[in-house]
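Chains as they are written, first to last, in the numbering used here: chain W, 1 to 254; chain E, 1 to 218; chain V, 1 to 471.
Everything labelled a hint here was simulated from the structure, so no lab data went into it. All C-beta atoms, glycine included, are put in the ideal place defined by N, C-alpha and C. It cannot be assumed that every hint is accurate.
As the list claims (entries may be wrong) - Listed below are the simulated DSBU-like cross-link pairs for lysine-lysine, each with C-alpha atoms no more than 35 Å apart in a straight line:
(1) Lys34(V) / Lys190(W)
(2) Lys277(V) / Lys193(V)
(3) Lys34(V) / Lys193(V)
(4) Lys379(V) / Lys190(W)
(5) Lys113(E) / Lys193(V)
(6) Lys140(W) / Lys34(V)
To be verified - Examples of chain E residues lying across from chain V (beta carbon under 7 Å, computed):
(7) Ile109
(8) Ala186
(9) Thr201
To be verified - Distance ranges between label pairs, derived from CB positions:
(10) Ser111(E) / Gly102(V): 51 to 61 Å
(11) Lys113(E) / Gly127(V): 23 to 33 Å
(12) Leu13(V) / Gly160(W): 32 to 42 Å
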Amino acid sequence: MSAPTLPTRPQAVLYFGTCLVDLLFPEAGLAGMELIRRAGVRVIYPADQSCCGQPAYNSGYRDEARAVAARQLAALDGDLPVVVPSGSCAGMLRHHYPELFAGYPLEAEALALSRRVFELTEFLVDVLALRPEDLGPPLKVAVHTSCSTHRELGAADRIGQLLDGLPAIEIVQPRHSAECCGFGGTFAVKQPAISAAMVADKCDALLESGADVVVSQDCGCLMNIGGALARRGAGPRCLHIAEFLLERTGGQPL
Amino acid sequence: MSDARERILARLRLVPGAAPPAGTVPPAAPEATIPPTERVAQFRACLEAVRAQVHVAPVADPAPLLRRLVAERGIRRLLYGADGPLAPVLRAAFAGVDGTVLVPYDASIESWKEDLFYGIDAAVTSSLGGIAETGSVILWPDAAEPRLMSLVPPIHFVVVAAGQIHATLDEAMRVQRWAERMPTNALLISGPSKSADIEQTIAYGVHGPKELVVIVTA
Amino acid sequence: MASRSDFGRRVELALGSTAKRANIARAMYGLQHKRLAAFPDRAALESLRDAGEAIKRRALARLPELLEQLEASCRRNGIEVHWAETVEDANRIVLTILRGQGARSLIKGKSMVSEEMELNRALEHEGIEALESDLGEFIIQLAGEGPSHIIAPAVHKSRHEVSALFGRMFPDLPRREDIEGLCATAREILRRKFFAADAGLSGANFLVAETGTIVLVENEGNGRLCTTAPGVHIAVTGIEKLVERMADIPPLLKLLTRSATGQPITTYVNFISGPRKTAEKDGPREVHLVLLDNGRSRMYEDPELRDSLRCIRCGACMNHCPVYVRLGGHAYGTVYPGPIGTVLEPQRTGLDRLGELTEASTLCGACGEVCPVRIPLPKLINRLRFDAVRTDGGPTSGSGRRRTGREALIWQVWARVHRSPRVYRLWLALATRLRRLAPRRIAGWSDARELPRPAARSLHALARERGFCDE
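For reference, chain W alone in the conformation it holds in the complex:
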C-alpha cells in the first residue's frame, strides 16, 4: 500500500512520535517536527498518543494491541495527515490497523486513518518536495532502510532522494543492504542468537562500506545497529534521517 496522495499541501499535520522515540530518541522525533515546521506546515503533537500497538500485535496479543490502538485512533482523530518518523510504526498504522480492526467497532475509523498516514520521508519528499541545502562537510553516508519502509510502504527510495540534493554527501552501498538488521522488535529478545548473527553481519557490511554515517527512517534499526557498533567500539555514527538532515542544513543540534 503506497503513500496517500494529497491534492494540496496541508496547513497542519498530526505527528505520531512513536513510543521508542518518545522514551529513547526524542531528538530524532523533534528533528522531524522541526523540518516540517520550517517548511511552513504546522505540526501538532497530540498529547494523548502513546504506542501504535505493534509489539503486542506481533506477539500475538491482539486484544491488548487493539485496546491500545483504539486509543491512538482517538488521539489521531480528524482529517489531518498523520506523519510518523518510523517506517515500522507507519506500516502498522497504514497496513495493520485495518486488519486489526476488521470486524470490530472502529473498523471504519481504522480504515480512515490508514488513508492519511505518512512515514516522515514520504511526507518530506512526496508532499513537501523538500530540497535541503547542504551546509555540511563531505561525508560518506550509508542508508539502512527498515524492512517495513522497504516492503510494506515501498518508500525505500525517499532517503536517497533527500540525500541526492546534498552535494557533499557520497552515498555508499553496503553489501546486502536490503537485508534485515535483525531487530524485529521482540525478536531481538526472543531469538537473541539469530538476531545477534544478523546484526553482526549488518555491522560488518557497514564497516566495510567505509561509511562515516548510517542513516535510517527507523530508530529501532538504529538502536540495534548502533548498539552493536558501540559494543565493538568502532564504526559509523547512527542517525535518524531527520536528525541528519537538520544537522546538514544548519539546524541546531538538539
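Since the structure of chain W is already known, use the hints to place chains E and V on it.
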C-alpha cells in the same frame, strides 16, 4: 480407500463462502512477442546458452550434416525409430556408411534393456517442434519413437522443423491443441542433462543425455 | 518433534557451524541473484505473479470439484488414483502396490511429500530398498541426513565432503575431487539402479484436472528415468497441487523455474498422462497417483490460512529469508523449512510442538516479496503467533497452547499503561526522571549490543515545551 476419499472431499466441502465462478479467466500474463523471423535465432541462443548444440540443416538434404555429426562423435550404434518420420532419410543417409550401424527400436524395452543402457552410443528422433522463448524442443514419444530414446543414450540428436518453432509454450499448447489430445508422455527438452546440486556448480550429463544436438530444418 | 529447547539447541549448532553457514549463504545469495536476473522486467513479473495467484486461488476455490474431475480424467487415461488421509495411509498404499508387483526396490525421483511420509523408513522396515536418484537426495541419503532445502537438498555440503562420502561408500570406484567427476561417479552408480529397479516413484509439480496429467520438472533426467524405466510408476503428491486447465501450466511453470533457480525452464518438463499404451514399447505398465491430505484439508477450512496451500514449492522464500540464510534447513527440524515451513508445519503438527518456529522471524517480508503466487507469508506467520496464544479456541492445531501466564501478564500491564494517556505520561515522567536506575543489561539484547538509556526528557515533554501540542 474410498472412505478416505469421502472424508477428504467432505472436509473440503464443509467450507462456506464464495468461490470465483467456474471458468473465470485469470489476468493474462504478458506473452513474449517473438516475431517468426527471430524465432530460430532465439531458439538457438537459448539452447546454446545451456550447452546444447544447434545446427541449421541445408534445405535440400540433411543427410550430409547428419553423417558428419555422427562421424565426428565416433558413433557406432545409432538408435532410431524404424517406423518414425525420419526413417527413410536416415536409412538413405547411413546406407553404406561403414562406421555406423542404425539400430531400430522395434521391440519392447523388456527384451533388450541391457543393450539400450550399455550398448547404444546415440539416438536420433523427430519432434513436434520447439519453443523459442525458452529454447525447448517438443517431443511426443510414441510407438515409433519411444520415450527412452531421448533419455538413455548419452547423445540425443533431434530434428526440429523451423516452421514448428512457436514463440511460447502457451502458443504451442494452443496451436497444437494439447488439452484435447495429451499423449502418454509429452516432453519439453531444453538442453543436455545437468545438475547444480554440488556447490551450486553446474555439471552436465548427470542422468539424461550428456549431449543434445538439435538439427533445425527449414 | 521439536520442543522449545530442541529448536534453541539446533539454532546454536547451526550458527556455530561456520563452514556450513558459508556454504549455505553462498548458495542462497547466488540464488537470489539468479532470480533477479531471471525477472528483468518488474512490471512483467508483477503481472505474472498476479496470474499465478489467480490460477491457484481459482483452483483452490473449486478444489473438491476439481479433485473429482482429476480423478475421472486420470481413470480415463488408465492412471489409478488413490486417496490417503494420513501419511500412514499413503505408506500403506505404496506398500500394497509394491507388494502386488513383488517389488524389492523402489527408485525415487525427488519428492518432498515422500519426506512427509517418511516413506524410505517405512519401506525399509518392510524389506524394500528405497533409493534416491536425484543427485542431492542421493548424497544426503548416503550421508544419512535429511534435506536442508526443498530444491537443493545437499546445499550445505562442499565438494570435498561429497568426495569423501563417495570414497567411503564406493571404495572400488576411482576417487574424484572435481564436481564433474563426482557427477560422473553418481551417474554410473545410479544407472545400474535405474536399470534394475522394480518400481519408480515421483512427486508431482502440478496436476492438471482437465486432462488427467502429472507435470514434473527436473534438470537431471532421473525423474524421467524413475517414471519410464521401471514397470510401475507411483506418483505421490498433496491434494493442493491441482490446477484446472493445461493452459494454467505455462505461467506457473515460468514462475516456478525462475523463482527457484533463475532458470527460464528446467532441462526437462515431463507431462505424464497415462501408462504404456498397447503399441508403445516402453514406459510403465501401471501408473498410480496417490493424493495425500495430511492436514491440508484442515488448513483449507480457514480462509486466511488456506492461502498457504497456494505454494508451488519453488523455495524462493527460504532463499531470501535472512534467518534461513544463517540457519540452513536442518535447524528447523521439519520437512519444509524456511518461511513456508514456518507456516505449514505448525499447522500440521500443532502449535504446541512447533509454534516456536513462528518466533524465528523478524517479519521482514523478504519472503512475501518473492513468493510467485503471492502467499502473504508474514501475515500468516503473525496469524499463527496469534493462534498460539489466543484464548478463544482457534482452528489451528494447538491453538492457545503457547500462552504463558508470564507473557500474558506482561502484555496486560503494557496495555494498561499504553491505553491510558495519563498513566502513559506518568510512566514517561518516571522513566525519564529515574533514568539512572534503568537496567544496564537486558537478557538476550545485551549479549550483542549496548543498551540505550531513557532520555532526560521525553518527546511528550519536549513537544509541549516547544509548542507542538494540541490546540
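- Query: Can you list which hints this structure breaks, lowest number first?
  - Reply: 10
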